[in-house]
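Participant: Take a look at the letters that make up each chain.
There are 2 protein chains.
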Amino acid sequence: MRIAALIFPDIDQMDLTGPFEVLSGIAGAEIHLVWKETGPVRDYHGLVLTASATLETNLDPLDVLLVPGGPGQVPLMEDEKVLSWIRARASQARYVLAVCTGALTLGAAGLLQDRRATTHWNSTHLLPYFGAITEDARVVVDGNLITTGGVTAGIDGSLHLAALLSGEETAQRIQLAMHYAPEPPFASGDPAEAPKPVYESVLEAYAPLTEKRLAVAQRLAMAQRTQPAAGH
Amino acid sequence: MRIAALIFPDIDQMDLTGPFEVLSGIAGAEIHLVWKETGPVRDYHGLVLTASATLETNLDPLDVLLVPGGPGQVPLMEDEKVLSWIRARASQARYVLAVCTGALTLGAAGLLQDRRATTHWNSTHLLPYFGAITEDARVVVDGNLITTGGVTAGIDGSLHLAALLSGEETAQRIQLAMHYAPEPPFASGDPAEAPKPVYESVLEAYAPLTEKRLAVAQRLAMAQRTQPAAGH
Numbered sequence: 351m352r353i354a355a356l357i358f359p360d361i362d363q364m365d366l367t368g369p370f371e372v373l374s375g376i377a378g379a380e381i382h383l384v385w386k387e388t389g390p391v392r393d394y395h396g397l398v399l400t401a402s403a404t405l406e407t408n409l410d411p412l413d414v415l416l417v418p419g420g421p422g423q424v425p426l427m428e429d430e431k432v433l434s435w436i437r438a439r440a441s442q443a444r445y446v447l448a449v450c451t452g453a454l455t456l457g458a459a460g461l462l463q464d465r466r467a468t469t470h471w472n473s474t475h476l477l478p479y480f481g482a483i484t485e486d487a488r489v490v491v492d493g494n495l496i497t498t499g500g501v502t503a504g505i506d507g508s509l510h511l512a513a514l515l516s517g518e519e520t521a522q523r524i525q526l527a528m529h530y531a532p533e534p535p536f537a538s539g540d541p542a543e544a545p546k547p548v549y550e551s552v553l554e555a556y557a558p559l560t561e562k563r564l565a566v567a568q569r570l571a572m573a574q575r576t577q578p579a580a581g582h
Numbered sequence: 351m352r353i354a355a356l357i358f359p360d361i362d363q364m365d366l367t368g369p370f371e372v373l374s375g376i377a378g379a380e381i382h383l384v385w386k387e388t389g390p391v392r393d394y395h396g397l398v399l400t401a402s403a404t405l406e407t408n409l410d411p412l413d414v415l416l417v418p419g420g421p422g423q424v425p426l427m428e429d430e431k432v433l434s435w436i437r438a439r440a441s442q443a444r445y446v447l448a449v450c451t452g453a454l455t456l457g458a459a460g461l462l463q464d465r466r467a468t469t470h471w472n473s474t475h476l477l478p479y480f481g482a483i484t485e486d487a488r489v490v491v492d493g494n495l496i497t498t499g500g501v502t503a504g505i506d507g508s509l510h511l512a513a514l515l516s517g518e519e520t521a522q523r524i525q526l527a528m529h530y531a532p533e534p535p536f537a538s539g540d541p542a543e544a545p546k547p548v549y550e551s552v553l554e555a556y557a558p559l560t561e562k563r564l565a566v567a568q569r570l571a572m573a574q575r576t577q578p579a580a581g582h
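Chains as they are written, first to last, in the working numbering: chain A, 351 to 582; chain P, 351 to 582.
Looking at chain A on its own, in the form it has when it is part of the complex (with noise of 0.2 Å):
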């Protein structure tokens, strides 16, 4: 069971450490984390998590390719680099995971397309710019590929991701190991029931980050719209 993440400067680490506890409670599991170059790589909040494989490092076929989200996620929307090696990988494994705006991410590498997908509820308004039909779901499995909400969704992706590729005894023996019966002390944890005052002040603090993501996602539109036909 092989699994590569990508893991990037700025990345929200829960989004690759929720999905981490998940599925390496698989046995037999292997999981890279990669990025340009090996070594430590500095979430946004400053936890220093280290890549063991790079872009180069041949890992297929892979199981699972995660791609976890993140403020730093906005470059990546238009590194070539990246995006060749998420659609490499994307093609041959047997599922792909994005957790959060990780989503944002493959549909800049041209991945959303008439795919049904979610993201962090922030960015569910960007998703049509990359052709995807957004649904409102905490998780989304679409035929090979699944999306999740923000942050700790990926935690609930990554069990229904652990029963696809292991079936559901060994998903709900890791949610047990895991403890995972949660209880959010508030009522807060997506807009719709979220106090309107909180609501109001994380969005206006998202806002500049919003404002670059959907400026990349019109650039890159526009930029689909006006390319030549495939093979012309």
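Certain hints may be false.
A pair counts as met if it fits within one copy or between any two copies, since identical chains are not told apart.
[To be verified] Straight-line C-alpha distance at most 16 Å; calculated EDC-like pairs for lysine to aspartate or glutamate: (1) Lys-546 x Glu-519; (2) Lys-431 x Asp-464; (3) Lys-546 x Asp-410; (4) Lys-546 x Glu-518; (5) Lys-546 x Glu-533.
No lab work stands behind these hints, which were simulated from the structure alone.
A quick note: this is a predicted structure, and the numbers were derived from the prediction, not measured.
On the provided structure of chain A, position chain P as indicated by the hints.
Facilitator: Using the frame of chain A, we list chain P on its own:
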């Protein structure tokens, strides 16, 4: 806001990364990962964390001392260097947060005597050896001591702690940013709800580790009983 988190070989990375995600969302939070040496520290499934400080680094005064768990906490229960560090930091920290079997490490340091506490469901029976009053809850707050159930319960406990440190609205904003409106795909997150064969299989997988923990807990309880009373 200064936080010191103990890390160690064979930690369960999510005991650390869950709370990190929450607490790093507090404005001005500064989180130090502490081990005997700075540098890479491998979690029990292979994720590489990086210690940024040592037991000798002066980090006081602390707002939070975070003690995670995992298979690697067993030797810490008889590691006087680590236990002294925990005692010294805990004596001046505003809050002490133990996640998962981190509670057993606190217990070995003598910090659970007559305190209400919880831990991973597989280890709750060990808490009385440390003089703790076991409480059947996912998050237990006893004065400035917060203990949580296993692994993912660290997220719930940290959100409680964020509210204590910075108010409920801050905690709610962090919860919304993390999109923490969990939807576990199975009813298998704790022994009360897990299918019996799933529970039994996980219990069996834990057995060797549980035996080791029991042996240490018994040894420590015995040593304490045979110690001369303090001051004599």
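Participant: Between Lys-431 and Asp-464, at a C-alpha cutoff of 16 Å, which is it: within one copy, between copies, both, or neither?
Facilitator: neither (24 Å within a copy, 58 Å between copies)
Participant: If the cut is 16 Å between Cα atoms, do Lys-546 and Glu-518 qualify within a copy, between copies, both or neither?
Facilitator: Between copies, since 14 Å is at most 16 Å while 38 Å is not.
Participant: Give the relationship of Lys-546 and Glu-519 under a CA distance limit of 16 Å: within one copy only, between copies only, both, or neither.
Facilitator: Intra 40 Å, inter 11 Å, cutoff 16 Å: inter-copy only.
Participant: Between the shortest in-copy and the shortest cross-copy C-alpha distance, which are at most 16 Å for Lys-546 and Glu-533: within, between, both, or neither?
Facilitator: neither (21 Å within a copy, 22 Å between copies)
Participant: Classify it for me, Lys-546 with Asp-410: is the Cα-Cα distance of at most 16 Å met within a copy, between copies, both or neither?
Facilitator: For Lys-546 and Asp-410, the Cα distance exceeds 16 Å both inside one copy (46 Å) and across copies (38 Å).
Hints 2, 3, 5 from the list above are not met by this structure, while the remaining hints are.
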